[in-house]
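Model the full assembly from the supplied sequences, consistent with the hints where possible.
Residue numbering for the sequence shown follows our numbering, starting at 8 and increasing by one per position.
Calculated directly from the structure, the hints in this document are not laboratory data. Check the hints yourself; a few may be wrong.
[Unchecked claim] List time: in silico BS3-like cross-link candidates among lysine-lysine, alpha-carbon distance up to 27 Å:
| id | residue 1 | residue 2 |
| --- | --- | --- |
| 1 | 14 | 37 |
| 2 | 149 | 37 |
| 3 | 9 | 37 |
| 4 | 14 | 149 |
[What the hints assert, rightly or not] Label-pair distances were calculated between CB atoms; the ranges are:
| id | residue 1 | residue 2 | range |
| --- | --- | --- | --- |
| 5 | 11 | 111 | 26 to 32 Å |
| 6 | 170 | 74 | 23 to 29 Å |
| 7 | 247 | 90 | 32 to 38 Å |
| 8 | 50 | 168 | 25 to 31 Å |
| 9 | 19 | 165 | 26 to 32 Å |
| 10 | 93 | 264 | 39 to 45 Å |
| 11 | 253 | 296 | 15 to 21 Å |
Glycine residues also receive a C-beta, built at the ideal position from the N, C-alpha and C atoms.
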Amino acid sequence: MKSAPFKYAAPATIAEALDILGENDPDEVKLMAGGQSLMPLLNMRLARPELVVDLGHVAGLDFIRETAGGVAIGAMTTKRAVEESELIRGEHPLFWESTVAIGHPPIRNRGTVGGSMAQADPASEYPAAAIALDAELVAVSKAGERVIAAEDFFVTYLTTSLEPGEILTEVRIPRPVVGTGWSFQEVARRHGDFAIVGAVATLRLEGGGVVDPRIVVFGAADRAIRIREAEGLVSGQPPTEENFQAAANRIGEAVEDPLSDVHASEEYRRHLAVVLGGRVLGEAAERASRESVGA
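Here's what the structure looks like:
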């Protein structure tokens with residue numbers, strides 16, 4: 008199947024892209040980054056925009072830059088560039104791990120960081136990693152720049168808090184505190200397939216107890232969700248298997264209305280959330296006990 012007819016624009020600057028957005032009905036415009044999500048939707052006619060704005064020619068959106076507080080990644084930076092970045096792999100290993108779990112090499116060659124974030128697929132790895140890492144997303148419009156916490160950015164299935172006329176330009180990831188342990192795990196039918204369910208955890212160990220735990224589950228609900236109820240059960244507690252299992256059980260209770268489709272039932276997704284939740288907590292604690300991540 009081929010796409011329905013549409014007009015095409017390829018602005019060279021952010022200012023030009025914002026002008027185009029301002030001149031057209033936002034409901035009839037689709038922004039295209041790497042095209043790995045949008046092109047199939049166009050070809051299957053699940054998306055029928057009047058205008059596609061290709062951001063691939065916009066200058067200044069493709070970068071990985073160390074900052075005073077961590078790293079800034081341009082929205083048009085490819086996943087391959089993230090995968091090959093020694094800065095990301097060395098100082099932000101959780102984000103690197105989530106990257107190499109995405110699709111296959113041809114997809115990572117074309118797919119972009121900003122495209123995955125803006126697509127907001129509930130089974131996508133990046134939203135979960137961004138929430139766990141306390142990342143911020145930067146959007147620009149004619150009104151100026153807006154910085155959005157990752158936890159507030161992903162609203163529901165394929166929906167973000169981006170306003171009409173805004174373009175995602177950058178993702179900012181803070182440098183992990185020294186001693187932070189992390190874990191990323193997912194279950195998929197085959198490597199490179201969308202995750203059926205995945206889980207992410209970060210934490211530190213101080214004085215024999217868990218400090219600043221973050222637990223995020225993706226693929227189970229309409230968006231990646233942070234499970235604060237489970238975090239509360241392990242915060243300040245010894246990193247024991249019993250405590251982690253109690254937190255994992257709470258994850259299963261906290262996932263409301265799990266997805267059910269041809270890939271997995273509601274019951275199976277809830278079960279995976281519990282199993283993976285316990286595993287990522289255990290692995291994050293193990294890493295925290297023997298590694299120092301950050302500076």
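Right, here's what the structure says about each hint:
Pair hint residue 14 plus residue 37 holds up; C-alpha atoms about 10 Å apart against a cutoff of 27 Å. For a cut-off of 27 Å, the pair hint linking residue 149 to residue 37 stands: about 18 Å separates their Cα positions. In summary, the hint linking residue 9 to residue 37 is supported, as the alpha carbons are separated by about 17 Å, within the 27 Å threshold. Restraint check for residue 14 and residue 149: satisfied, since their Cα atoms lie roughly 23 Å apart, inside the 27 Å limit.
Look at residue 11 against residue 111: about 28 Å separates their beta carbons, and that is inside 26 to 32 Å. For the pair residue 170 and residue 74, the supplied restraint of 23 to 29 Å holds, since their beta-carbon distance comes to about 25 Å. Look at residue 247 against residue 90: about 35 Å separates their beta carbons, and that is inside 32 to 38 Å. Roughly 28 Å separates the CB atoms of residue 50 and residue 168, a value that falls within the hinted 25 to 31 Å.
Judged by the Cβ atoms, the range 26 to 32 Å given for residue 19 and residue 165 holds: they are separated by roughly 28 Å. For residue 93 and residue 264, the Cβ-Cβ distance of about 41 Å falls inside the hinted range of 39 to 45 Å, so the restraint holds. A beta carbon spacing of about 20 Å between residue 253 and residue 296 agrees with the range 15 to 21 Å that was offered as a hint.
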